[in-house]
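Residue numbering for the sequence shown is 1 to 155, as defined by the working numbering.
There's no promise every hint is true.
Just the calculated beta-carbon pair ranges, DEER-fashion [claimed, not checked]: (1) Phe-40 x Gln-114: 35 to 45 Å; (2) Cys-15 x Arg-130: 31 to 41 Å; (3) Gly-109 x Met-30: 31 to 41 Å; (4) Lys-134 x Ser-82: 16 to 26 Å; (5) Ser-99 x Tyr-139: 14 to 24 Å.
27 Å max Cα-Cα, derived DSS-like pairs, lysine-lysine [as the list claims (entries may be wrong)]: (6) Lys-110 x Lys-96; (7) Lys-110 x Lys-134; (8) Lys-110 x Lys-17; (9) Lys-75 x Lys-134; (10) Lys-134 x Lys-96; (11) Lys-128 x Lys-110; (12) Lys-102 x Lys-134; (13) Lys-72 x Lys-102; (14) Lys-110 x Lys-75; (15) Lys-134 x Lys-108; (16) Lys-75 x Lys-96; (17) Lys-17 x Lys-72; (18) Lys-128 x Lys-96; (19) Lys-128 x Lys-108; (20) Lys-128 x Lys-102; (21) Lys-96 x Lys-108; (22) Lys-96 x Lys-72; (23) Lys-102 x Lys-75; (24) Lys-17 x Lys-108; (25) Lys-134 x Lys-72; (26) Lys-108 x Lys-72; (27) Lys-108 x Lys-75; (28) Lys-75 x Lys-128; (29) Lys-72 x Lys-110.
None of these hints come from the bench; they were simulated from the model.
Keep in mind it's a predicted model, so treat the numbers as computed, not measured.
For each residue, glycine too, the CB sits at the ideal point set by N, CA and C.
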Amino acid sequence: MDFEHINNELVEILCEKFHEQWQRVLNQPMCDIDSTFLGFVEIYYHLAQLIPEHFTVIDFGCAFNPQAYYFKNHKEFIAVDSSNCEKFEFENTWIKNVSLEKELENWKGKDTSQVFAICSYVPADTLKLREVFKNLFVYYPCKETPIIKFKNKLK
């Protein structure tokens, strides 16, 4: 299936079965998804079919989180994003409004053999993610995933 078909199918499901969430998420200020583009949902659609349902799935940079729908039958779906925007959530969804780096620290030293981490369209330090998660999908459309470092400009 192509992006348009996957996106439109998810729009129909969310509008009909989760109408209240649809209204809450899409009608908030600064929302940059709509019925023509819910995000890069085709990646999640395919990953959900590959990841075993007994796994916990962590999505770093979940944004508005409509993709969580595809993982509703997995053990848990942990949606990580530093923004406080309204997000879609389902029975197995945990929303964490923290940075990728902070959440990564929470997982260091834990058994992640049945955890699958996703980092789609989010610049991240892939080497640090790989140290914690052996089951990892990273997609960032450039030659190399940039490592972003913030400097404190306050003196």
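A quick look at each hint next to the structure:
{"no.": "1", "hint": "Phe-40 x Gln-114: 35 to 45 Å", "verdict": "violated, 25 Å"}
{"no.": "2", "hint": "Cys-15 x Arg-130: 31 to 41 Å", "verdict": "holds, 38 Å"}
{"no.": "3", "hint": "Gly-109 x Met-30: 31 to 41 Å", "verdict": "holds, 37 Å"}
{"no.": "4", "hint": "Lys-134 x Ser-82: 16 to 26 Å", "verdict": "holds, 25 Å"}
{"no.": "5", "hint": "Ser-99 x Tyr-139: 14 to 24 Å", "verdict": "holds, 19 Å"}
{"no.": "6", "hint": "Lys-110 x Lys-96", "verdict": "holds, 18 Å"}
{"no.": "7", "hint": "Lys-110 x Lys-134", "verdict": "holds, 12 Å"}
{"no.": "8", "hint": "Lys-110 x Lys-17", "verdict": "violated, 36 Å"}
{"no.": "9", "hint": "Lys-75 x Lys-134", "verdict": "holds, 18 Å"}
{"no.": "10", "hint": "Lys-134 x Lys-96", "verdict": "holds, 21 Å"}
{"no.": "11", "hint": "Lys-128 x Lys-110", "verdict": "holds, 14 Å"}
{"no.": "12", "hint": "Lys-102 x Lys-134", "verdict": "holds, 18 Å"}
{"no.": "13", "hint": "Lys-72 x Lys-102", "verdict": "holds, 25 Å"}
{"no.": "14", "hint": "Lys-110 x Lys-75", "verdict": "holds, 17 Å"}
{"no.": "15", "hint": "Lys-134 x Lys-108", "verdict": "holds, 12 Å"}
{"no.": "16", "hint": "Lys-75 x Lys-96", "verdict": "holds, 17 Å"}
{"no.": "17", "hint": "Lys-17 x Lys-72", "verdict": "holds, 13 Å"}
{"no.": "18", "hint": "Lys-128 x Lys-96", "verdict": "holds, 19 Å"}
{"no.": "19", "hint": "Lys-128 x Lys-108", "verdict": "holds, 10 Å"}
{"no.": "20", "hint": "Lys-128 x Lys-102", "verdict": "holds, 12 Å"}
{"no.": "21", "hint": "Lys-96 x Lys-108", "verdict": "holds, 17 Å"}
{"no.": "22", "hint": "Lys-96 x Lys-72", "verdict": "holds, 17 Å"}
{"no.": "23", "hint": "Lys-102 x Lys-75", "verdict": "holds, 22 Å"}
{"no.": "24", "hint": "Lys-17 x Lys-108", "verdict": "violated, 37 Å"}
{"no.": "25", "hint": "Lys-134 x Lys-72", "verdict": "holds, 22 Å"}
{"no.": "26", "hint": "Lys-108 x Lys-72", "verdict": "holds, 25 Å"}
{"no.": "27", "hint": "Lys-108 x Lys-75", "verdict": "holds, 20 Å"}
{"no.": "28", "hint": "Lys-75 x Lys-128", "verdict": "holds, 24 Å"}
{"no.": "29", "hint": "Lys-72 x Lys-110", "verdict": "holds, 23 Å"}
Going down the numbered hints, you'll see the structure goes against 1, 8, 24, while the others check out.
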